[in-house]
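Protein chains in written order, with my numbering: chain A, 217 to 327; chain B, 230 to 339.
If you're looking for bench data, these hints aren't it; they were derived computationally from the structure.
There's no promise every hint is true.
Just the calculated beta-carbon pair ranges, DEER-fashion [what the hints assert, rightly or not]:
| hint | chain 1 | residue 1 | chain 2 | residue 2 | range |
| --- | --- | --- | --- | --- | --- |
| 1 | A | Lys225 | B | Ser278 | 21 to 31 Å |
| 2 | B | Leu309 | A | Lys273 | 20 to 30 Å |
| 3 | A | Lys287 | B | Ala246 | 38 to 48 Å |
| 4 | A | Ala298 | B | Ala246 | 38 to 48 Å |
| 5 | A | Thr327 | B | Asn241 | 33 to 43 Å |
| 6 | B | Ser278 | A | Thr221 | 18 to 28 Å |
| 7 | B | Ser281 | A | Thr325 | 21 to 31 Å |
| 8 | A | Gly232 | B | Ser282 | 34 to 44 Å |
Predicted model only: the values in this text are computed from it and were never measured.
Yeah, the Cβ is synthetic: ideal placement off N, Cα and C, and Gly gets one too.
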Amino acid sequence: NAGVTQTPKFQVLKTGQSMTLQCAQDMNHNSMYWYRQDPGMGLRLIYYSASEGTTDKGEVPNGYNVSRLNKREFSLRLESAAPSQTSVYFCASSSYNSPLHFGNGTRLTVT
Amino acid sequence: RKEVEQDPGPFNVPEGATVAFNCTYSNSASQSFFWYRQDCRKEPKLLMSVYSSGNEDGRFTAQLNRASQYISLLIRDSKLSDSATYPCPWGSGGYQKVTFGTGTKLQVIP
Chain A
217 NAGVTQTPKF QVLKTGQSMT LQCAQDMNHN SMYWYRQDPG MGLRLIYYSA SEGTTDKGEV
277 PNGYNVSRLN KREFSLRLES AAPSQTSVYF CASSSYNSPL HFGNGTRLTV T
Chain B
230 RKEVEQDPGP FNVPEGATVA FNCTYSNSAS QSFFWYRQDC RKEPKLLMSV YSSGNEDGRF
290 TAQLNRASQY ISLLIRDSKL SDSATYPCPW GSGGYQKVTF GTGTKLQVIP
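Excised from the complex, chain A in its bound form (with noise of 0.2 Å):
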């Protein structure tokens, strides 16, 4: 069973530059999130998306921007990576009123 799965797992970008981190599940869940976590600290909300073809903001959207692409993927795009966007994200998907389930997380480094 894959569950969530996230790529890469490891990045290391210059600032400036860009990437998108890649989610998928197959777990025919309607909601997909997107998640970082700094060293010490908890989960913050970046993007979530309640079904296919909606996507909201959540608590630290600055710098980011995200597509639903289909029921199955949820994707994190980072246009122009800085330094403060050095973190462990992840996805996390979920049915209505039921508990999330996680990707491994991606550990992106921005130097």
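Let chain A serve as the given structure and place chain B on it in line with the hints.
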């Protein structure tokens, strides 16, 4: 103000001790309540759901106090392997927008 607040800890307890911590909600919209466990640098994993009647899973007991807007987690007979961070989420209606507390860090000491 965040929808959910937690004491970040750390709670340092000896093996075999009983420890409890809470999540307090400022917004009662959430209809579902859960406890997660997160090991260092890993993804959070569901520990248990929290029901109005309370529920128990082995050494773990979760309670919901809807009137006072908090949930609690009680761990009995703590093991070294219980050392982790325990975050709790808050979800909007339908559990669509989901934010997390800081997590409470537990260190079980030999």
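To see whether the hints hold, each was checked on the structure:
1. A:Lys225 <-> B:Ser278: 21 to 31 Å: Given about 29 Å between the Cβ atoms, the range holds.
2. B:Leu309 <-> A:Lys273: 20 to 30 Å: With Cβ atoms ~41 Å apart, the hint is violated.
3. A:Lys287 <-> B:Ala246: 38 to 48 Å: Check passed, 46 Å falls within 38 to 48 Å.
4. A:Ala298 <-> B:Ala246: 38 to 48 Å: Hint holds: Cβ distance 44 Å, inside 38 to 48 Å.
5. A:Thr327 <-> B:Asn241: 33 to 43 Å: Taking Cβ atoms as reference, A:Thr327 and B:Asn241 lie about 36 Å apart, which means the hint holds.
6. B:Ser278 <-> A:Thr221: 18 to 28 Å: holds, 24 Å
7. B:Ser281 <-> A:Thr325: 21 to 31 Å: violated, 44 Å
8. A:Gly232 <-> B:Ser282: 34 to 44 Å: violated, 54 Å
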